[in-house]
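Engineer: Here are the chains, one letter per residue:
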Amino acid sequence: METLKHLLNLLSDPRISFPILMILFFFIFPPTAWFEKWNKRLHFDRLWTPVGGLVMHGLMLVALVAATLDPNFRLIVTKPDNVPIVILIFGSVYFLWLSMRQARDNDQRLEAGEKPDEYCDPKRRDILVWPDVLYIELIAMILCMAFIIIWSLYLQAPLEQPANPALAPNPAKAPWYFLALQEMLVYFDPWLAGVVFPTLIIVGLIALPYLDSDRAGSGFYSFSRRKLFISLFCFGWLLLWVYLIIVGTFLRGPNWNFFGPFEVWDAHKVVPMNNVNLSELIWIKLLHRPLPNSILLREAVGILGLLGYLFVLPPLLEKSALKRFAGQMGRMRYGLFMFLSLMGLLLPIKMILRWTLSLKYLVSIPGWFNI
Amino acid sequence: MGPEKKQKRNLADLIFKSVLWRSIFRTDIPTDKRGRMVTVLNNFFLHLHPVSIPRHAVKLKYTWLMGILATFLFFVLTITGILLMFYYRPTVQYAYNDVLDMAESTPLGVMREIHRWSAHLMVITVWLHMFRVFMTGSYKPPREFNWGVGVILLTLTMLLSFTGYLLPWDQLAIWAITVGSNMAAATPLVGREGPGSALLSIGDISLIGRTSDAKFMLLGDTRIAEGALLRFYVFHCVFFPFIIVMFMMVHFWRIRKDGGISGPA
Ligand code: HEM
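Chains as they are written, first to last, in the working numbering: chain E, 1 to 371; chain X, 1001 to 1265.
If you're looking for bench data, these hints aren't it; they were derived computationally from the structure. All residues carry an ideal CB built from backbone N, CA and C; glycine is no exception. Errors might be hidden in some of the hints.
[Said to hold, decoys possible] Each pair of labels, with its calculated beta carbon distance range:
#, chain 1, residue 1, chain 2, residue 2, range
1, X, Pro1030, E, Leu69, 53 to 59 Å
2, X, Leu1230, E, Arg324, 39 to 45 Å
3, X, Phe1086, E, Lys269, 44 to 50 Å
4, X, Arg1089, E, Leu342, 38 to 44 Å
5, X, Ala1198, E, Pro290, 24 to 30 Å
6, E, Ser224, X, Asp1028, 46 to 52 Å
7, X, Phe1252, E, Val271, 36 to 42 Å
8, E, Leu11, X, Gly1209, 45 to 51 Å
9, X, Glu1226, E, Asp132, 40 to 46 Å
10, X, Phe1252, E, Thr356, 46 to 52 Å
11, E, Leu64, X, Ala1198, 30 to 36 Å
12, X, Arg1089, E, Asp126, 47 to 53 Å
13, X, Thr1211, E, Ile87, 51 to 57 Å
14, X, Gly1209, E, Ala321, 46 to 52 Å
Construct all of the structure, not just a fragment, from the sequences and the given hints.
Structural biologist: Below, the structure is given as structure tokens:
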């Protein structure tokens, strides 16, 4: 039992769980034909069958029950404001399954030369809003209200001690729906995690229909017709948003240190802080020289690397690996698509650099900004 | 038996055929197809819907009803929110105790619970609604603008939730808002701690300082105090609800104008 708990603590550490999930992710949601081949070979598409769904939900339920058997973890999960996250976890997996299942069905249908399930012969009559649709809506609203009333009767809204600006709780957490952003603060400074990234998320979402504007795949569930965009979107939604919310709420304790589900939140947990900047890695560790005095020279590798990553890599790919893709999209679209995707990928890249090289900042210009 | 039955029908007639009733509802409860179509067209609330909807779009597995439920939750929040406003004064002196009293000494003391849990649920519902719109490819032309309106609605939903979080004025509230508002100080150019804030200056006079940056504008103070509470209250109860209703009206109108719920060609 103790070894099992220990193992679960270890596995839930983002340093372990994130890379595993990230690699698995692209085989489960294959963005390209190569991944798709492996997806079929490994039978990952069976996740979207009824049995697959039962297994997924069963595992989540077992994990939840097992975790709440632990008195410490139960305290965290049943904190009133954390209860919605349990709904979010089950909801996001259930609806993922529901949509992927229909997508899988439709893909098989399309492959056999048939129309998608949503297709309806124009000769068949539409359904009148009065009374069918109105009944459906009415019943849905009543059930929803009943759910909320029962929830409200059983769970009191939290009210802690009166506000005291002098007494900071440890850890101080934002509301759960912002915890993915707060979790990003581990890897990026506030101007990026709190301002630039949220702005890019909003801009990126609004830009999405202009980037992926091929009308053909619209109005029905499908994966094969839109695999690149579904893969990227779900990567952002599931791994960079929902997953980070879970880590931020359930697994971050005092001083924002990581605590496994079976670990007690100890405010005195000692975590070595030996993160170093890229400049130090390069000049001191690699070249065995003191840091140069000129800031531009010192940070040259980071600055050039970032500029290259954002502005040289896309044109290079446009000429080589992504030639066909770029041709289909056109210049403007391709440029914006690459910029947004690369900015998004900056987060997992920085996470992995932090865990492997203890990297603190790629570029650090004190008094100005750090990246 | 006979005469009694007749009497009953007369009472119904008296009500449903009265001048007053007729002035409100022009049609009978419909029993035939034409009547059903006219009823939906003639009623202000029902006419948000078209008269008829394609078969696939009525199925639960297509829309998951998430948009409807988000709308419904917004109504629940509006109504319970108004009730809460009767009992709440947004000042540092009263706020906490008013909230404490809500559970103890007001009739129907679960209003605060209903308001809070509906708010959490609305955030989840809106996320899942976006997810379903994405997975059905419904953001593609001609719906690309409405998707953008949706993204604004999503942002507003989270801002509404966030501004409401401060109002109980307890430890949970001010420290959650502290984490959030510290981000404002880091805004590039206009935040005191953000990159480039030193650039905005006239000669030696810096334009962006403790009392003149984005965080100060948000809080009305250098820290979370009276000014912030009032600001968040006004944002939460007046400004954001007003804006979100405007965007919702555009959203609903555009669904119809874009050809109704999406479907395969
Ligand atoms: C307060 C938040 C929102 C409300 C109340 C709302 C309400 C609705 C409703 C009632 C529908 C009808 C179909 C359905 O129920 O699925 C709908 C459709 C739609 N919504 Fe929203 N919505 C909200 C947020 C969003 C967001 C965040 C997005 C996307 C980013 C979005 C994009 C769309 C689009 C593109 C449609 C048309 C879908 C189709 O034709 O299949 N909405 N919305």
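Engineer: With respect to the beta-carbon atoms only, verify the hint that Arg1089(X) and Asp126(E) lie 47 to 53 Å apart.
Structural biologist: For Asp126(E) against Arg1089(X), whose Cβ atoms are near 52 Å apart, the range 47 to 53 Å holds.
Engineer: May I ask you to test the hint 36 to 42 Å on the CB atoms belonging to Phe1252(X) and Val271(E)?
Structural biologist: violated (51 Å)
Engineer: Is 46 to 52 Å respected by the C-beta to C-beta distance linking Phe1252(X) and Thr356(E)?
Structural biologist: Roughly 50 Å apart at Cβ, these two residues keep to the hinted range, so it holds.
Engineer: I want to verify a distance hint. Is the separation of the beta carbons of Gly1209(X) and Ala321(E) within 46 to 52 Å?
Structural biologist: holds (49 Å)
Engineer: Given the hint of 24 to 30 Å, check if Ala1198(X) and Pro290(E) actually sit that far apart at their C-beta atoms.
Structural biologist: For Pro290(E) against Ala1198(X), whose Cβ atoms are near 28 Å apart, the range 24 to 30 Å holds.
Engineer: Look at the Cβ atoms of Pro1030(X) and Leu69(E) and judge whether their distance stays inside 53 to 59 Å.
Structural biologist: Between Pro1030(X) and Leu69(E), where Cβ atoms are some 56 Å apart, the hint holds.
Engineer: Does the hinted range 44 to 50 Å hold for Phe1086(X) and Lys269(E) at CB?
Structural biologist: This hint holds: roughly 46 Å between Cβ atoms.
Engineer: Does the Cβ pair Leu1230(X), Arg324(E) satisfy 39 to 45 Å?
Structural biologist: The hinted range 39 to 45 Å is violated for Leu1230(X) and Arg324(E), with Cβ atoms some 57 Å apart.
Engineer: Lying within 30 to 36 Å: is that true of the beta-carbon distance Leu64(E) to Ala1198(X)?
Structural biologist: violated (50 Å)
Engineer: For the pair Glu1226(X) and Asp132(E), does the Cβ-Cβ distance stay inside 40 to 46 Å?
Structural biologist: violated (53 Å)
Engineer: Quick check: does the Cβ-Cβ distance between Leu11(E) and Gly1209(X) fall within 45 to 51 Å?
Structural biologist: Because 48 Å falls inside the window, the suggested range holds.
Engineer: Could you check the hint for me, namely that Arg1089(X) and Leu342(E) are 38 to 44 Å apart, CB to CB?
Structural biologist: violated (49 Å)
The structure shown violates the earlier hints numbered 2, 4, 7, 9, 11 and 13.
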